[in-house]
Structures are given as C-alpha cells and as structure tokens.
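J.: Listed here are the chains, written in short residue letters.
There are 2 protein chains.
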Amino acid sequence: MPKPIPTQQLIDSLLKGDRLALARAISRVEDDAEDAARIVQAVFAHTGKAHLVGITGAPGTGKSTLVSALVESYRASGLTVGVLAVDPTSPFSGGALLGDRVRMTGHSGDAGVFIRSMATRRGIGGLAKASAAALLLLDAAGFDRILVETVGAGQAEVEIASVADTVVVVEAPGMGDEVQAIKAGLLEIADIFAVNKADRKGAARTVAALEMMLETGGASAQTILHHGQRLEMGAAASETEAAGGWSIPVLKTVAISGGGVGQLRDALEGHRAWLGESGALAAGERKRLDHMLQTLVQAELLARMERALSPELRRNLVEKMQGRQIDPYSAAADLVKKL
Amino acid sequence: MPKPIPTQQLIDSLLKGDRLALARAISRVEDDAEDAARIVQAVFAHTGKAHLVGITGAPGTGKSTLVSALVESYRASGLTVGVLAVDPTSPFSGGALLGDRVRMTGHSGDAGVFIRSMATRRGIGGLAKASAAALLLLDAAGFDRILVETVGAGQAEVEIASVADTVVVVEAPGMGDEVQAIKAGLLEIADIFAVNKADRKGAARTVAALEMMLETGGASAQTILHHGQRLEMGAAASETEAAGGWSIPVLKTVAISGGGVGQLRDALEGHRAWLGESGALAAGERKRLDHMLQTLVQAELLARMERALSPELRRNLVEKMQGRQIDPYSAAADLVKKL
Numbered sequence: 001m002p003k004p005i006p007t008q009q010l011i012d013s014l015l016k017g018d019r020l021a022l023a024r025a026i027s028r029v030e031d032d033a034e035d036a037a038r039i040v041q042a043v044f045a046h047t048g049k050a051h052l053v054g055i056t057g058a059p060g061t062g063k064s065t066l067v068s069a070l071v072e073s074y075r076a077s078g079l080t081v082g083v084l085a086v087d088p089t090s091p092f093s094g095g096a097l098l099g100d101r102v103r104m105t106g107h108s109g110d111a112g113v114f115i116r117s118m119a120t121r122r123g124i125g126g127l128a129k130a131s132a133a134a135l136l137l138l139d140a141a142g143f144d145r146i147l148v149e150t151v152g153a154g155q156a157e158v159e160i161a162s163v164a165d166t167v168v169v170v171e172a173p174g175m176g177d178e179v180q181a182i183k184a185g186l187l188e189i190a191d192i193f194a195v196n197k198a199d200r201k202g203a204a205r206t207v208a209a210l211e212m213m214l215e216t217g218g219a220s221a222q223t224i225l226h227h228g229q230r231l232e233m234g235a236a237a238s239e240t241e242a243a244g245g246w247s248i249p250v251l252k253t254v255a256i257s258g259g260g261v262g263q264l265r266d267a268l269e270g271h272r273a274w275l276g277e278s279g280a281l282a283a284g285e286r287k288r289l290d291h292m293l294q295t296l297v298q299a300e301l302l303a304r305m306e307r308a309l310s311p312e313l314r315r316n317l318v319e320k321m322q323g324r325q326i327d328p329y330s331a332a333a334d335l336v337k338k339l
Numbered sequence: 001m002p003k004p005i006p007t008q009q010l011i012d013s014l015l016k017g018d019r020l021a022l023a024r025a026i027s028r029v030e031d032d033a034e035d036a037a038r039i040v041q042a043v044f045a046h047t048g049k050a051h052l053v054g055i056t057g058a059p060g061t062g063k064s065t066l067v068s069a070l071v072e073s074y075r076a077s078g079l080t081v082g083v084l085a086v087d088p089t090s091p092f093s094g095g096a097l098l099g100d101r102v103r104m105t106g107h108s109g110d111a112g113v114f115i116r117s118m119a120t121r122r123g124i125g126g127l128a129k130a131s132a133a134a135l136l137l138l139d140a141a142g143f144d145r146i147l148v149e150t151v152g153a154g155q156a157e158v159e160i161a162s163v164a165d166t167v168v169v170v171e172a173p174g175m176g177d178e179v180q181a182i183k184a185g186l187l188e189i190a191d192i193f194a195v196n197k198a199d200r201k202g203a204a205r206t207v208a209a210l211e212m213m214l215e216t217g218g219a220s221a222q223t224i225l226h227h228g229q230r231l232e233m234g235a236a237a238s239e240t241e242a243a244g245g246w247s248i249p250v251l252k253t254v255a256i257s258g259g260g261v262g263q264l265r266d267a268l269e270g271h272r273a274w275l276g277e278s279g280a281l282a283a284g285e286r287k288r289l290d291h292m293l294q295t296l297v298q299a300e301l302l303a304r305m306e307r308a309l310s311p312e313l314r315r316n317l318v319e320k321m322q323g324r325q326i327d328p329y330s331a332a333a334d335l336v337k338k339l
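These protein sequences, in sequence, are chains A and B. In terms of the UniProt record's numbering, the first sequence opens at residue 1 and continues consecutively. In terms of the UniProt record's numbering, the second sequence opens at residue 1 and continues consecutively.
The shape of chain A in the complex, shown without the other chains (with noise of 0.2 Å):
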C-alpha cells in the first residue's frame, strides 16, 4: 500500500493541477474519508470557472463513444476536459461500467485530460454527494472543460440537470415507442439535442420528432419546460426570460466517426455564451449550489438516522411488524421519537 499523502500537501498538489493528487482527493470525497469535508473546504474558493457540461440519454444511443469523440474535439481546440461518468444502474455489485469504457478509448496518455467514473456505493443520497464533491475538485484542479455522463433514463436526469451548466440529451434512431414517451421526460432537461448514430436508418424521422416536439410545446411552454428545474427559484427563472430564451438545437452526430461533432462542440461553446450574457449562468450556479446543499444536509441526516437505529431495535420492530402486532407508520413514528 503506498503512504497516504497528508491532506494539505494532497491539496496544494491539486490546486496545482497534478493528476496524482487529484485522484487521491476524488477517492477520498467518494469513501467519505476524514479528511473529505477538508478539502472540497480548502479548494472551494478555487471553483466556478469550468464550463459544466451533462450528457445523458437513453442506454444504446452511444453516450459514451460521443463524450469520448467530443474530448478529442475540445483537445483539438487547446481546452483541458475533465470526465465524471456517473453509473447509478449497479448498486450492488458496485461497478463502473461507463468508466472502463470511456478509459479504454486513447485519451490516457494526454495530461489535458482527466477521466474518473463513479458507481452508486451507499445508501440514498451517497453517490449524489459524492460526484457533486468531485465536480467541485475536477474544477479547482483547472480543467476548463468538465463531462458529466450518466445513463439514463430515470432519477439520474433530475440530478445531472442539477450538476450541469448545460445539458445533452443523446437519442438514437429506432429505440421504440416508449422511449419517445420518456422523452417528455427529457424535454424539460435538455439544453441541446444530440440524435447519434445518424448514419443509420430513420434518424431524419428521430430529428424530425423531436423538432415537432419542441415547436408544439410552444415557445413559452418551451421555456418554462426547458428551465422547469431552474422555476423552483423565481430570481433565476426571470432573469434567464429577460434575456430572451436558449432556441435548443437538435444536432445529428456519428460519434464512432466524429462526424457532427464539430458542430456539438460549437453547439456547446455557444450555450456557455448565452448563460453567460443572460445570466443564467450566475443563477444556474445558484441552483446547483442549493442543491448541493441540500444534498448534504440530507446526507448527514440519513447518516445519523443509520447511527442511531440500532440493528436490534430495528429487528425487533420489524417482528412485530411481520406479526402484525404493530403498523409501519407506527413503527417508524417509534423510530423518530428515539433520534
């Protein structure tokens, strides 16, 4: 086992962007060690200059082939990229399926570029404190690009729209009619459309759906769907309507072959822009700061409740409760008035 590196040398490592350190602290957020709260502390001031970009989209679409096409394509321009794949789909067996396949796709030699993934390991809450702790590092450590992948579709959507700047929503021609239902779902998250696999069959008619999508909701409807997340705080959602609303662009790509990529990246550069002039980026940043608050003091709730609830208190009631002596309601009010 090597030495574990003190945690103020680990964090002015970091700061100077050495890839080691960066690691290290990552792990440490993730395993909830000591010393985590320390560092996203000493390095947090250090944050906010990363444009924050989440990819998401139904499994099949090739999500993780176009965020690799797209690092290649912000390496091209001299940008640095970080890359977070999020895999909530294996809380068992804790894998990271999306990591090792993004890993095996060239990029591991290039300093510029820094790719981690990260599965659910804890309980509720525990993988969402986790990658919102790491974003925070992969920005302090000065990479001006940072991907947040996950695979969709469910819950993981609500919390990449709450981790990014900018969200991509990745479809692909022919997934079937439910997941064109799911994508009511996406609408309401999605900053810009990528429909990949372009080359195959039927992929006119996916752009064409979506288009007719995003016209029938209407242009206000549009918005108010588009910035659905960011309504829970009025300031935000005024100021970003002031300043005229994003038009989302529906964009064919061919990741395997970098072909509209290019044109994602510009896509992309130009969604950072608006925020920027609209200010919606101010109060996109807000919003995720918000949230991870909340996340945290969610955490830290749900940890002293574990604490608390002793394993034998907890079989017991649950006796009683399979011998119907006494309800679930009451059994968890009895819980709560022991915290």
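Some clues are possibly wrong.
One copy or two, it doesn't matter: identical chains are merged, so the pair holds either way.
As the list claims (entries may be wrong) - Dumping the calculated DMTMM-like pairs for lysine to aspartate or glutamate here, alpha-carbon to alpha-carbon at most 20 Å:
{"#": "1", "residue 1": "Lys49", "residue 2": "Glu319"}
{"#": "2", "residue 1": "Lys337", "residue 2": "Glu306"}
{"#": "3", "residue 1": "Lys201", "residue 2": "Glu211"}
{"#": "4", "residue 1": "Lys3", "residue 2": "Asp31"}
{"#": "5", "residue 1": "Lys320", "residue 2": "Glu269"}
{"#": "6", "residue 1": "Lys337", "residue 2": "Glu300"}
{"#": "7", "residue 1": "Lys320", "residue 2": "Glu285"}
{"#": "8", "residue 1": "Lys16", "residue 2": "Asp110"}
Keep in mind that the hints were calculated from the coordinates and are not lab data.
Following the hints, position chain B against chain A.
T.: Coordinates of chain B only, in the frame set by chain A:
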C-alpha cells in the same frame, strides 16, 4: 367536487374490496393527506396475502404490453389482479406515462382488475413511500396478485427488488451493447427473465446471452448475486440457501399476441411456491418491511428538514457560497446545527 368519504367509512369499504374506496385511499397516501397514516394503520393487519410481482426492464422492451397480457392470463385462471405502474422518469411534469398506456388495454370493465399509475411528485423518497403504502392498500383490498411495473434502468430496479416477492426482468432482442452491460445489474435482481418481442430477429441470441451470463456466474455466485438484496439480512440469506437455490428461467414471450405468457404465469406461480417452501417468502417480507420502515423514517426526517429550513436562511447561505465566503460543507454543517 365530490364530498370526501369519512376515513372510517373509506377503510371499511376498502377492506370489502370496494374499488372507489381503494382509489380514494391510494390518492390520500399519494397526497400524504392527514388521514393517510390512519388508513394504512387500519388496513395493515389485513395485508400479507397477495403475491407481489415486480416487472422491470429498459424502455422499448414492451413491459406494459406484457403486463397487460399477464393480467389477462391471471384473469383467465380466475385470479384477481392489481397493477401499480410506477414511473420515476417524469419528475417535473408529474405525468404518469405507463399508467395511461396500461389503462387503454381493455380491462376497464373488469371488477377483478384494478390499475393505478403513480409518478414522482415530491422530493427524494416521496415516490417510494407512496408506492409502498399503495401496495399495502391493494393487498388489503384482497387482490390475489399485484403487479408493480417500473421503467428501468437505475435506482428504480433497486426499489422494485425491495417491494416485490418475485422480480421479472424484461429484455428484447437487439437493444445494443450498452444494454448488455446493464444486465450485470439486472442479473442481481431477476428471479425470471422474459425475452419479449421474441418473434424478432436476434431473440435466440439474446436468450443465449442471458443463459450464458447466468451459467458463467456459477451456481453459488449466482445464488449470491441473485439474492444480493436479501444478503443484507443475514438470516434471510441462509434460510434461502438451505432450501436450495431457485434456478432463474429465461422465457420467450410475444406479449402482443399472448405468446409465451402462460409459461411466464406458470413460472411466476412456480417461484411463488418455491418462496413458500424455502422460507424465502417470510424472509422477503421482513426485508420489505424493514425497507418500508427506513423509507418512512427517511421521509419524516427529510420533511422535518424542509420545514426547518426557511427559504431566507437557505437563500442567504447560497449567496454566501456563490461569493465563496463559505463552502458547501460548512454551510451544511451550519444548517444541521440549526435543526
């Protein structure tokens, strides 16, 4: 507006199997109404009889059609069926995509079938709490079989494994590589695999791939993986293993024409019988009640947090965070101290 039914009358009617009372009672737990806890408390003694079947899988596999065909098959053998379609994919709009489709499939005139959909409405834990309570209500109303349908992938699968006696994972041919990867997670919760749309090209290959995955897991690894969620309770796992493992079948179905659906129903009944003989049924119920207890305690703690955090206090902290005057961890610690 119809006059609200008094709580006691609602409870009495629900226990007699009255559909309207059941529908109203589910709405009250969903809305977290004042009498929600009282209703669940009153009916809890009458629960524990239904076979709870979870049905999950990626978008596009035809889950909803399969659920509908399965309902028909159960009805043909004289069993009553409750269906709860849980949709965690549309947190913003509160829409209930699955339910709308299920409802259209022609069981509406049958008193032996009750279909309800439920979408994410509140924050973290809200859907889990409401759906666990709704299952108890369906059980108390006397349905023989209860199907819980949820769209994968992600956290939803963990939830379904926590609330069901038996989990069916639905696959379909030709869903791409990434789906294969996700199966690693699904393998851990499946009691039965259904390869739906089995009349399509590639069905045999999908079946073979799943069977190989089950075999290469090896008999003991398979049992461990398969009962991964039950290992959390030591007693449950050993009981299950002592009685001999369940061999996970991979079945072909063509839900739209009813092909293979009888065999799926037989496999479900077979698993139910196995659960009873092996002691896994009682262990599973303990696991489920323990999970519900945790869900309720978490929901209560989070609700308290929401009430305790004034918007001003939160806004104030977020502004300080944005100005880098305070970091998220210190801000969260501040808030927790105030609770």
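J.: I want to check one pair: Lys320 and Glu285. Are their C-alpha atoms no more than 20 Å apart within a copy, between two copies, both, or neither?
T.: between (47 Å within a copy, 12 Å between copies)
J.: From the Cα coordinates, with 20 Å as the cut-off, is the pair Lys337 and Glu300 best called within, between, both, or neither?
T.: Intra 18 Å, inter 11 Å, cutoff 20 Å: intra and inter.
J.: State whether the alpha carbon distance between Lys49 and Glu319 is at most 20 Å within one copy, between copies, both, or neither.
T.: between (53 Å within a copy, 17 Å between copies)
J.: Up to 20 Å between alpha-carbons, please classify Lys3 paired with Asp31: within, between, both or neither.
T.: within (17 Å within a copy, 53 Å between copies)
J.: Is the C-alpha distance from Lys16 to Asp110 at most 20 Å within one copy, between copies, in both cases, or in neither?
T.: within (17 Å within a copy, 69 Å between copies)
J.: Taking 20 Å as the upper bound on the Cα-Cα distance, should Lys201 and Glu211 be classified as within, between, both, or neither?
T.: within (18 Å within a copy, 31 Å between copies)
J.: Can you tell me if Lys320 and Glu269 fall within 20 Å by alpha carbon in one copy, between copies, both or neither?
T.: Neither: 59 Å inside a copy, 28 Å across copies.
J.: First find the shortest C-alpha distance between Lys337 and Glu306 inside one copy, then the shortest across copies, and answer within, between, both or neither for a cut-off of 20 Å.
T.: Both ways: Lys337 and Glu306 sit 14 Å apart in one copy and 18 Å across, limit 20 Å.
Checked against the numbered hints above, the structure violates only hint 5.
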